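**Student:** Produce the entire structure from the sequences given, and follow the hints as far as they go.
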Amino acid sequence: RFENDKRTEQLTRGRDWRLFKDQLNQVCESLAQINKEQWRRFVGLAYSGQKPNDLKASLAPTPENRANLPRYENAYEQLSRYARSLPAERSDFNNVRDIAERLTEIYQQFDFDVPESVKRFLKAIGDGGADLELLTDEVRVWLNENNSVAKYQIVAKGGF
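Okay, so the sequence shown: first residue is 307 according to our numbering, each after it adds one.
It should be emphasised that the hints constitute simulated quantities derived from the structure, not laboratory data.
The model shown is predicted, which means the values in this text are computed figures rather than measured ones.
A virtual CB, placed ideally from N, CA and C, is assigned to each residue, including glycine.
Among the hints, erroneous ones may be present.
What the hints assert, rightly or not - Calculated lysine-lysine pairs in the DSS-like style (CA-CA distance at most 27 Å, straight line):
| # | residue 1 | residue 2 |
| --- | --- | --- |
| 1 | 429 | 457 |
| 2 | 463 | 362 |
| 3 | 362 | 429 |
| 4 | 362 | 457 |
| 5 | 327 | 357 |
| 6 | 425 | 357 |
| 7 | 429 | 463 |
| 8 | 327 | 342 |
| 9 | 312 | 327 |
| 10 | 327 | 362 |
| 11 | 357 | 429 |
| 12 | 342 | 357 |
| 13 | 357 | 457 |
| 14 | 362 | 425 |
What the hints assert, rightly or not - Label pairs and their computed distance ranges (CB to CB):
| # | residue 1 | residue 2 | range |
| --- | --- | --- | --- |
| 15 | 403 | 450 | 14 to 24 Å |
| 16 | 334 | 422 | 53 to 63 Å |
| 17 | 318 | 397 | 38 to 48 Å |
| 18 | 334 | 415 | 40 to 50 Å |
| 19 | 310 | 384 | 36 to 46 Å |
| 20 | 403 | 457 | 58 to 68 Å |
| 21 | 330 | 431 | 54 to 64 Å |
| 22 | 397 | 418 | 25 to 35 Å |
| 23 | 393 | 334 | 10 to 20 Å |
**Tutor:** What follows is the structure, encoded as C-alpha coordinates:
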(Lines of atoms letter the chains of each structure in order from A; the text may use other names.)
(Lines give C-alpha, C1' and ligand atoms only; values in the text may rest on other atoms or scores of the structure.)
Protein backbone atom coordinates (compact mmCIF):
# COMPACT_ATOMS: atom_id res chain seq x y z
CA ARG A 307 0.00 0.00 0.00
CA PHE A 308 2.75 2.47 0.87
CA GLU A 309 4.42 1.83 -2.48
CA ASN A 310 1.29 3.03 -4.23
CA ASP A 311 0.32 5.79 -1.80
CA LYS A 312 3.22 7.39 0.14
CA ARG A 313 1.14 8.59 3.08
CA THR A 314 2.02 7.57 6.68
CA GLU A 315 -1.49 6.31 7.27
CA GLN A 316 -0.70 3.52 4.83
CA LEU A 317 2.01 2.24 7.23
CA THR A 318 -0.20 2.10 10.31
CA ARG A 319 -3.48 1.01 8.78
CA GLY A 320 -4.73 -2.56 9.06
CA ARG A 321 -3.01 -5.39 10.91
CA ASP A 322 0.43 -5.00 9.31
CA TRP A 323 1.53 -2.38 11.83
CA ARG A 324 0.34 -4.44 14.81
CA LEU A 325 2.14 -7.52 13.48
CA PHE A 326 5.29 -5.49 12.93
CA LYS A 327 5.18 -4.15 16.51
CA ASP A 328 4.60 -7.64 17.97
CA GLN A 329 7.46 -9.13 15.99
CA LEU A 330 9.71 -6.23 16.94
CA ASN A 331 8.93 -6.83 20.64
CA GLN A 332 9.78 -10.51 20.24
CA VAL A 333 13.08 -9.67 18.57
CA CYS A 334 13.94 -7.18 21.33
CA GLU A 335 13.17 -9.72 24.08
CA SER A 336 15.23 -12.36 22.33
CA LEU A 337 18.17 -9.99 21.88
CA ALA A 338 17.98 -8.93 25.53
CA GLN A 339 18.16 -12.58 26.61
CA ILE A 340 21.08 -13.28 24.27
CA ASN A 341 22.82 -10.17 25.59
CA LYS A 342 22.51 -11.40 29.20
CA GLU A 343 23.72 -14.88 28.31
CA GLN A 344 26.70 -13.60 26.35
CA TRP A 345 27.70 -11.19 29.11
CA ARG A 346 27.59 -13.98 31.70
CA ARG A 347 29.58 -16.15 29.31
CA PHE A 348 32.17 -13.38 28.87
CA VAL A 349 32.56 -12.99 32.63
CA GLY A 350 32.69 -16.78 33.12
CA LEU A 351 35.38 -17.19 30.47
CA ALA A 352 37.41 -14.31 31.87
CA TYR A 353 38.09 -16.37 35.01
CA SER A 354 37.07 -19.97 35.50
CA GLY A 355 38.98 -20.67 38.72
CA GLN A 356 37.64 -22.23 41.89
CA LYS A 357 34.87 -20.71 43.95
CA PRO A 358 36.16 -19.40 47.29
CA ASN A 359 34.31 -22.02 49.37
CA ASP A 360 35.69 -24.86 47.26
CA LEU A 361 39.16 -23.38 47.49
CA LYS A 362 38.88 -22.86 51.24
CA ALA A 363 38.06 -26.54 51.71
CA SER A 364 41.21 -27.65 49.90
CA LEU A 365 43.69 -25.09 51.21
CA ALA A 366 46.04 -25.69 54.07
CA PRO A 367 45.82 -22.92 56.69
CA THR A 368 49.31 -21.60 56.09
CA PRO A 369 50.01 -17.94 56.87
CA GLU A 370 50.19 -17.16 53.13
CA ASN A 371 46.88 -18.87 52.46
CA ARG A 372 45.16 -17.16 55.39
CA ALA A 373 46.38 -13.79 54.09
CA ASN A 374 45.45 -14.43 50.47
CA LEU A 375 42.05 -16.09 50.90
CA PRO A 376 40.18 -12.89 51.94
CA ARG A 377 41.74 -11.06 48.97
CA TYR A 378 40.60 -13.87 46.68
CA GLU A 379 37.08 -13.89 48.16
CA ASN A 380 36.79 -10.12 47.72
CA ALA A 381 37.93 -10.17 44.09
CA TYR A 382 35.70 -13.17 43.33
CA GLU A 383 32.68 -11.34 44.76
CA GLN A 384 33.49 -8.29 42.60
CA LEU A 385 33.56 -10.53 39.54
CA SER A 386 30.28 -12.17 40.57
CA ARG A 387 28.62 -8.77 40.87
CA TYR A 388 29.60 -8.00 37.29
CA ALA A 389 28.11 -11.32 36.14
CA ARG A 390 24.78 -10.51 37.80
CA SER A 391 24.21 -7.28 35.88
CA LEU A 392 24.73 -6.09 32.34
CA PRO A 393 27.64 -3.81 31.52
CA ALA A 394 26.79 -0.14 31.80
CA GLU A 395 29.79 1.14 29.89
CA ARG A 396 32.85 -0.01 27.95
CA SER A 397 35.05 0.13 31.04
CA ASP A 398 33.05 -2.78 32.55
CA PHE A 399 34.72 -5.12 30.06
CA ASN A 400 38.16 -3.92 31.12
CA ASN A 401 37.20 -4.14 34.79
CA VAL A 402 36.18 -7.78 34.36
CA ARG A 403 39.51 -8.54 32.67
CA ASP A 404 41.42 -6.73 35.44
CA ILE A 405 39.60 -8.61 38.20
CA ALA A 406 40.18 -11.93 36.42
CA GLU A 407 43.87 -11.14 36.15
CA ARG A 408 43.99 -10.21 39.85
CA LEU A 409 42.25 -13.49 40.77
CA THR A 410 44.81 -15.44 38.74
CA GLU A 411 47.68 -13.64 40.48
CA ILE A 412 46.22 -14.28 43.94
CA TYR A 413 45.52 -17.92 43.10
CA GLN A 414 49.16 -18.40 42.09
CA GLN A 415 50.21 -17.19 45.56
CA PHE A 416 48.33 -19.96 47.36
CA ASP A 417 50.43 -22.68 48.93
CA PHE A 418 49.18 -26.01 47.62
CA ASP A 419 52.47 -27.74 48.33
CA VAL A 420 51.53 -29.70 51.41
CA PRO A 421 52.01 -33.42 52.01
CA GLU A 422 49.15 -35.69 51.00
CA SER A 423 48.62 -36.79 54.60
CA VAL A 424 48.13 -33.15 55.62
CA LYS A 425 45.61 -32.64 52.82
CA ARG A 426 43.63 -35.71 53.98
CA PHE A 427 43.74 -34.51 57.60
CA LEU A 428 42.60 -30.97 56.75
CA LYS A 429 39.86 -32.24 54.43
CA ALA A 430 38.55 -34.53 57.17
CA ILE A 431 38.60 -31.62 59.65
CA GLY A 432 36.66 -29.52 57.14
CA ASP A 433 34.14 -32.34 56.71
CA GLY A 434 33.39 -32.45 60.43
CA GLY A 435 36.26 -34.23 62.13
CA ALA A 436 39.32 -36.34 61.55
CA ASP A 437 39.95 -39.78 62.98
CA LEU A 438 43.07 -40.09 65.15
CA GLU A 439 44.70 -42.32 62.54
CA LEU A 440 44.92 -39.24 60.26
CA LEU A 441 47.03 -37.41 62.86
CA THR A 442 50.29 -38.93 61.67
CA ASP A 443 53.81 -37.81 62.60
CA GLU A 444 54.04 -36.02 59.24
CA VAL A 445 50.82 -34.10 60.01
CA ARG A 446 52.03 -33.17 63.52
CA VAL A 447 55.36 -31.90 62.14
CA TRP A 448 53.54 -29.85 59.50
CA LEU A 449 51.14 -28.40 62.08
CA ASN A 450 54.08 -27.41 64.29
CA GLU A 451 56.00 -25.83 61.40
CA ASN A 452 52.94 -23.78 60.44
CA ASN A 453 52.04 -22.73 63.98
CA SER A 454 48.69 -24.47 63.66
CA VAL A 455 48.77 -26.97 66.54
CA ALA A 456 46.74 -24.73 68.87
CA LYS A 457 43.92 -24.52 66.32
CA TYR A 458 42.96 -28.16 66.71
CA GLN A 459 41.80 -30.28 69.61
CA ILE A 460 40.90 -33.89 70.08
CA VAL A 461 37.24 -34.41 70.86
CA ALA A 462 35.60 -37.76 71.60
CA LYS A 463 32.75 -38.78 69.34
CA GLY A 464 29.33 -38.90 70.93
CA GLY A 465 27.89 -42.19 72.14
CA PHE A 466 29.35 -45.14 73.99
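**Student:** Decide, hint by hint, whether the structure agrees.
**Tutor:** Hint check:
Proximity of residue 429 to residue 457 is assessed by CA-CA distance (about 15 Å); at most 27 Å being required, the pair is judged to hold. For the given pair, residue 463 sits about 25 Å from residue 362 by alpha-carbon distance, which is consistent with the 27 Å threshold. Our distance criterion of 27 Å between C-alpha atoms is met by residue 362 and residue 429, whose separation comes to about 10 Å. With a C-alpha separation of about 16 Å, the suggested pair residue 362 and residue 457 falls inside the 27 Å cut-off, and the hint holds.
Restraint check for residue 327 and residue 357: not satisfied, since their Cα atoms lie roughly 44 Å apart, outside the 27 Å limit. A threshold of 27 Å between alpha carbons decides the hint, and for residue 425 with residue 357 the separation of about 18 Å falls inside it, so the pair holds. At roughly 18 Å between alpha-carbon atoms, residue 429 and residue 463 fall within 27 Å of each other, so this suggested pair holds. Between residue 327 and residue 342 the alpha-carbon distance is near 23 Å, which keeps this suggested pair within the 27 Å criterion.
With a C-alpha separation of about 20 Å, the suggested pairing of residue 312 with residue 327 holds against the 27 Å cut-off. Proximity of residue 327 to residue 362 is assessed by CA-CA distance (about 52 Å); at most 27 Å being required, the pair is judged violated. As the CA atoms of residue 357 and residue 429 are separated by approximately 16 Å, the hinted pair is consistent with the 27 Å bound. For the proposed pair residue 342 and residue 357, the alpha carbon gap of about 21 Å is at most 27 Å, so the pair holds.
With a C-alpha separation of about 24 Å, the suggested pairing of residue 357 with residue 457 holds against the 27 Å cut-off. Restraint check for residue 362 and residue 425: the C-alpha separation of about 12 Å stays at or below 27 Å, so the hint holds. Checked against the given bound of 14 to 24 Å, the beta carbons of residue 403 and residue 450, roughly 42 Å apart, lie outside it. Judged by the Cβ atoms, the range 53 to 63 Å given for residue 334 and residue 422 holds: they are separated by roughly 56 Å.
Between residue 318 and residue 397 the C-beta distance comes to about 41 Å, which sits within the given range of 38 to 48 Å. Checked against the hint of 40 to 50 Å, the C-beta distance between residue 334 and residue 415 comes to roughly 45 Å, which is consistent with it. For the pair residue 310 and residue 384, the beta carbons lie near 59 Å from each other, so the given range of 36 to 46 Å is not met. Distance hint check for residue 403 and residue 457: the Cβ-Cβ separation is about 37 Å, which falls outside the suggested range of 58 to 68 Å.
Remark: the range hint 54 to 64 Å for residue 330 to residue 431 is upheld by a beta-carbon distance near 59 Å. With their beta carbons about 34 Å apart, residue 397 and residue 418 fall inside the hinted range of 25 to 35 Å. The supplied range of 10 to 20 Å is met by residue 393 and residue 334, whose beta-carbon atoms lie about 18 Å from each other.
Violated hints, in rising order: 5, 10, 15, 19, 20; the structure is consistent with all others.
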